[in-house]
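Residue numbers (this note's numbering), protein chains in the order written: chain Y, 1 to 133; chain V, 1 to 133; chain X, 1 to 133; chain R, 1 to 133; chain B, 1 to 133; chain D, 1 to 133.
Think of the hints as simulated: they come from the structure by calculation, not from any bench. A couple of the hints might just be wrong.
Since the list gives no way to pick out one identical chain from another, each pair is judged satisfied if it fits inside one copy or across any two copies.
SDA-like cross-link-like pairs, simulated, lysine to any residue; straight-line CA separation at most 20 Å [stated by the list, open to error]:
no., residue 1, residue 2
1, K89, S48
2, K89, V112
3, K89, S9
4, K89, R53
5, K89, R49
6, K89, F5
7, K89, G124
8, K89, I30
9, K89, A21
10, K89, S28
11, K89, F122
12, K89, Q117
13, K89, Q72
14, K89, A121
15, K89, S2
16, K89, F119
17, K89, R22
18, K89, R7
19, K89, V6
20, K89, P73
21, K89, E10
22, K89, D113
23, K89, E3
Keep in mind the model is a prediction, meaning the values are calculated, not measured.
Listed below are the residues making up each chain.
There are 6 protein chains.
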Amino acid sequence: MSERFVRGSELLDQIHTGGGARLVEAMSDIAPDLGRFIIEFGFGEVYSRPGLRLRDRQIATVAALAAMGTAQPQLVAHIEGALAVGVTKPEIIEIIIQMALYGGFPAAMNAVDAARQAFVAFDGQDDSAPLGS
Amino acid sequence: MSERFVRGSELLDQIHTGGGARLVEAMSDIAPDLGRFIIEFGFGEVYSRPGLRLRDRQIATVAALAAMGTAQPQLVAHIEGALAVGVTKPEIIEIIIQMALYGGFPAAMNAVDAARQAFVAFDGQDDSAPLGS
Amino acid sequence: MSERFVRGSELLDQIHTGGGARLVEAMSDIAPDLGRFIIEFGFGEVYSRPGLRLRDRQIATVAALAAMGTAQPQLVAHIEGALAVGVTKPEIIEIIIQMALYGGFPAAMNAVDAARQAFVAFDGQDDSAPLGS
Amino acid sequence: MSERFVRGSELLDQIHTGGGARLVEAMSDIAPDLGRFIIEFGFGEVYSRPGLRLRDRQIATVAALAAMGTAQPQLVAHIEGALAVGVTKPEIIEIIIQMALYGGFPAAMNAVDAARQAFVAFDGQDDSAPLGS
Amino acid sequence: MSERFVRGSELLDQIHTGGGARLVEAMSDIAPDLGRFIIEFGFGEVYSRPGLRLRDRQIATVAALAAMGTAQPQLVAHIEGALAVGVTKPEIIEIIIQMALYGGFPAAMNAVDAARQAFVAFDGQDDSAPLGS
Amino acid sequence: MSERFVRGSELLDQIHTGGGARLVEAMSDIAPDLGRFIIEFGFGEVYSRPGLRLRDRQIATVAALAAMGTAQPQLVAHIEGALAVGVTKPEIIEIIIQMALYGGFPAAMNAVDAARQAFVAFDGQDDSAPLGS
Numbered sequence: 001m002s003e004r005f006v007r008g009s010e011l012l013d014q015i016h017t018g019g020g021a022r023l024v025e026a027m028s029d030i031a032p033d034l035g036r037f038i039i040e041f042g043f044g045e046v047y048s049r050p051g052l053r054l055r056d057r058q059i060a061t062v063a064a065l066a067a068m069g070t071a072q073p074q075l076v077a078h079i080e081g082a083l084a085v086g087v088t089k090p091e092i093i094e095i096i097i098q099m100a101l102y103g104g105f106p107a108a109m110n111a112v113d114a115a116r117q118a119f120v121a122f123d124g125q126d127d128s129a130p131l132g133s
Numbered sequence: 001m002s003e004r005f006v007r008g009s010e011l012l013d014q015i016h017t018g019g020g021a022r023l024v025e026a027m028s029d030i031a032p033d034l035g036r037f038i039i040e041f042g043f044g045e046v047y048s049r050p051g052l053r054l055r056d057r058q059i060a061t062v063a064a065l066a067a068m069g070t071a072q073p074q075l076v077a078h079i080e081g082a083l084a085v086g087v088t089k090p091e092i093i094e095i096i097i098q099m100a101l102y103g104g105f106p107a108a109m110n111a112v113d114a115a116r117q118a119f120v121a122f123d124g125q126d127d128s129a130p131l132g133s
Numbered sequence: 001m002s003e004r005f006v007r008g009s010e011l012l013d014q015i016h017t018g019g020g021a022r023l024v025e026a027m028s029d030i031a032p033d034l035g036r037f038i039i040e041f042g043f044g045e046v047y048s049r050p051g052l053r054l055r056d057r058q059i060a061t062v063a064a065l066a067a068m069g070t071a072q073p074q075l076v077a078h079i080e081g082a083l084a085v086g087v088t089k090p091e092i093i094e095i096i097i098q099m100a101l102y103g104g105f106p107a108a109m110n111a112v113d114a115a116r117q118a119f120v121a122f123d124g125q126d127d128s129a130p131l132g133s
Numbered sequence: 001m002s003e004r005f006v007r008g009s010e011l012l013d014q015i016h017t018g019g020g021a022r023l024v025e026a027m028s029d030i031a032p033d034l035g036r037f038i039i040e041f042g043f044g045e046v047y048s049r050p051g052l053r054l055r056d057r058q059i060a061t062v063a064a065l066a067a068m069g070t071a072q073p074q075l076v077a078h079i080e081g082a083l084a085v086g087v088t089k090p091e092i093i094e095i096i097i098q099m100a101l102y103g104g105f106p107a108a109m110n111a112v113d114a115a116r117q118a119f120v121a122f123d124g125q126d127d128s129a130p131l132g133s
Numbered sequence: 001m002s003e004r005f006v007r008g009s010e011l012l013d014q015i016h017t018g019g020g021a022r023l024v025e026a027m028s029d030i031a032p033d034l035g036r037f038i039i040e041f042g043f044g045e046v047y048s049r050p051g052l053r054l055r056d057r058q059i060a061t062v063a064a065l066a067a068m069g070t071a072q073p074q075l076v077a078h079i080e081g082a083l084a085v086g087v088t089k090p091e092i093i094e095i096i097i098q099m100a101l102y103g104g105f106p107a108a109m110n111a112v113d114a115a116r117q118a119f120v121a122f123d124g125q126d127d128s129a130p131l132g133s
Numbered sequence: 001m002s003e004r005f006v007r008g009s010e011l012l013d014q015i016h017t018g019g020g021a022r023l024v025e026a027m028s029d030i031a032p033d034l035g036r037f038i039i040e041f042g043f044g045e046v047y048s049r050p051g052l053r054l055r056d057r058q059i060a061t062v063a064a065l066a067a068m069g070t071a072q073p074q075l076v077a078h079i080e081g082a083l084a085v086g087v088t089k090p091e092i093i094e095i096i097i098q099m100a101l102y103g104g105f106p107a108a109m110n111a112v113d114a115a116r117q118a119f120v121a122f123d124g125q126d127d128s129a130p131l132g133s
């Protein structure tokens with residue numbers, strides 16, 4: 001287990017309790033190295049850089065995934081992550097509404113669906129879904 | 001001139017001095033109503049909502065446009081806007097590097113090009129480009 | 001209730017009977033303002049402009065959503081809307097086939113799935129789905 | 001020269017005088033078969049189908065390319081084509097403004113740039129650009 | 001039945017036994033010509049060209065669909081097709097991991113889901129799904 | 001300099017002589033860590049994995065970037081890279097034509113433009129452009 005993997009797992013646990021373990025598990029059958037890369041590189045090397053607060057990082061990711069409209073499961077997971085690091089539900093909705101300007105209204109509507117799922121999961125401490133990268 | 005237009009223009013001026021006037025001018029020949037809608041709706045109704053700080057809004061927009069990779073002129077303009085409301089240059093770069101995870105490395109590389117242009121324009125007080133929505 | 005909201009709701013009702021009310025309802029739990037913006041701005045300010053027939057507007061939207069491939073629920077809704085303002089089923093299929101040239105064949109195949117759903121709903125007067133923007 | 005090629009060339013000439021010849025020429029150095037496929041399949045098999053008016057086909061294509069935001073040269077060419085089959089300039093602008101709802105405002109702004117180029121070319125009978133598919 | 005249709009059907013059968021028949025069947029209710037075009041043009045004219053091995057063609061298609069992230073059913077089908085022409089499961093996973101660099105990690109994660117489905121179908125000789133283009 | 005960086009640089013030199021040094025140089029002013037990540041992670045960890053031949057990796061990347069249509073400079077660079085590891089020019093054109101089926105004809109046409117640039121650069125040993133990731 002590389003130092004980057006440990007750092008990435010710890011970072012991921014701040015966003016999503018047990019998220020690293022679940023991600024590893026979810027990819028373990030056919031693509032374990034993808035799970036490892038997400039933790040080592042995505043969280044261990046990128047998210048853990050000191051130059052931007054975790055709150056700002058989650059705002060950026062929620063915005064990007066909402067606007068792109070091609071990553072619904074990961075958007076749900078990162079909205080939960082955003083809530084975990086202190087972005088409030090009304091702020092999430094503001095970000096999504098703003099994304100209508102850049103990704104279009106359908107993308108924003110679908111992101112509201114993602115937010116609804118994420119809000120329920122966050123409130124219910126339902127941590128069973130794998131954390132998207 | 002609607003109240004929304006006035007509010008949008010004032011908001012836009014916080015992000016980009018004279019940006020509203022330049023946007024109106026840039027669209028005035030064939031699509032003046034698109035320029036008006038961007039100011040009235042985009043800035044007057046969405047960006048001016050109280051639920052999210054302008055700094056956070058600019059982080060969201062820079063992230064989304066970098067990840068999408070289809071709006072280079074608007075990305076340049078919004079990086080300038082982000083700098084104007086207090087996002088630092090190193091933070092912009094962090095956001096862009098993070099977007100490699102979501103939009104891919106080519107999108108991040110092209111966003112670095114946009115940042116280079118925006119940094120020069122911001123430092124030089126070169127406000128001649130129209131502000132993208 | 002703004003004048004724009006009233007105009008947008010009336011416009012929306014031409015495309016989808018009761019669509020405005022369902023849209024407001026669908027967004028009312030966590031993002032009511034997004035529902036309001038879609039009606040006020042999307043339908044009250046954009047679709048209601050006199051310069052383009054509603055039939056042409058629906059052709060444009062069905063084409064765009066089919067080619068983009070990221071807005072399946074909204075594509076279903078707008079195909080229903082297109083039928084409601086006089087675009088025929090064979091014309092819908094023509095638009096979708098043509099979109100294979102621009103969005104690729106998978107996008108066209110998935111749009112056929114959307115059309116199948118929309119045709120059934122339209123024939124059955126099944127108006128229960130929220131209208132996408 | 002297949003029957004489909006002849007039919008496609010004739011169709012293309014209705015949209016863009018000499019467009020088929022220019023397209024063939026533009027692709028002749030390294031990808032002549034792509035040029036041939038666009039004419040044979042795109043125009044000879046798809047656009048020439050009787051089920052949708054050419055005017056409606058051009059509305060669909062302009063809408064799709066504007067919303068996608070990844071095909072600027074082809075958007076310019078198809079706006080010219082739309083003008084050639086009777087879509088008016090104000091109608092083009094309406095379509096583009098509407099696409100802000102689906103592809104976002106930056107996509108619409110960039111489509112206005114395409115329209116500006118296309119309007120100039122159309123007025124000046126400047127037919128030198130290759131016709132995009 | 002055109003010569004192109006016969007050639008396309010035969011090609012498709014190499015990738016997916018009975019795939020042509022299932023595709024025709026799947027589109028027969030509302031868009032039979034789209035099914036025909038996919039076989040005639042997609043497989044009969046493009047895939048059957050001699051200049052690239054079928055194995056390389058499937059690598060290209062799996063890569064593209066994984067990176068685009070908008071064609072999940074077609075990605076499943078083409079991963080099965082890739083396996084049928086000799087791309088191994090570990091090679092499929094390599095392609096998908098590499099696509100994280102270009103389409104982002106969420107696209108790669110969702111492509112792993114597609115691979116999981118395709119691997120099961122391929123092993124079980126479950127040929128019931130229609131083949132995507 | 002990490003072991004991953006060295007491995008990535010060596011790999012990159014197989015695709016593009018001096019490519020690693022140029023990439024580092026190109027990013028050194030404002031985003032040196034992005035350049036480093038592309039080499040360390042993109043080439044040192046992903047491309048250098050033993051499970052897929054370099055030729056197949058380049059086919060995959062050219063296909064993906066052509067279909068996405070948002071990474072023209074990187075597409076040029078990777079077409080050069082594909083030529084360097086043994087993909088022939090006619091094979092590149094086959095891949096691009098095939099991508100018309102998935103990303104649409106405009107994406108394929110723009111990829112032909114990229115190929116034209118790459119072919120000239122490759123023939124002329126013009127290695128001055130930075131290598132895209």
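Each hint tested on the structure:
1. K89 - S48: This pair counts as between: shortest inter-copy Cα distance 18 Å, intra-copy 24 Å.
2. K89 - V112: Answer is within: at 11 Å inside a copy they meet the 20 Å cutoff, but 31 Å across does not.
3. K89 - S9: Neither way: K89 and S9 sit 25 Å apart in one copy and 28 Å across, limit 20 Å.
4. K89 - R53: both (18 Å within a copy, 14 Å between copies)
5. K89 - R49: Between copies only: 15 Å across, 25 Å inside.
6. K89 - F5: Answer is neither: 30 Å inside a copy and 26 Å across each miss the 20 Å cutoff.
7. K89 - G124: Answer is within; shortest intra-copy Cα gap is 15 Å, inter-copy 38 Å.
8. K89 - I30: between (35 Å within a copy, 9 Å between copies)
9. K89 - A21: Neither way: K89 and A21 sit 26 Å apart in one copy and 24 Å across, limit 20 Å.
10. K89 - S28: Close across copies (14 Å), not inside one copy (33 Å); limit 20 Å.
11. K89 - F122: This pair counts as within: shortest intra-copy Cα distance 10 Å, inter-copy 33 Å.
12. K89 - Q117: within (12 Å within a copy, 33 Å between copies)
13. K89 - Q72: within (18 Å within a copy, 26 Å between copies)
14. K89 - A121: within (13 Å within a copy, 34 Å between copies)
15. K89 - S2: So K89 and S2 fail the 20 Å test inside a copy (35 Å) and across (26 Å) alike.
16. K89 - F119: within (8 Å within a copy, 33 Å between copies)
17. K89 - R22: Classified as neither: same-chain Cα gap 24 Å, cross-chain 23 Å, threshold 20 Å.
18. K89 - R7: The answer is neither: 28 Å in one copy and 25 Å across copies each exceed 20 Å.
19. K89 - V6: neither (30 Å within a copy, 29 Å between copies)
20. K89 - P73: Classified as within; 18 Å inside a copy, 24 Å across copies.
21. K89 - E10: Classified as neither: same-chain Cα gap 24 Å, cross-chain 27 Å, threshold 20 Å.
22. K89 - D113: within (13 Å within a copy, 29 Å between copies)
23. K89 - E3: neither (34 Å within a copy, 29 Å between copies)
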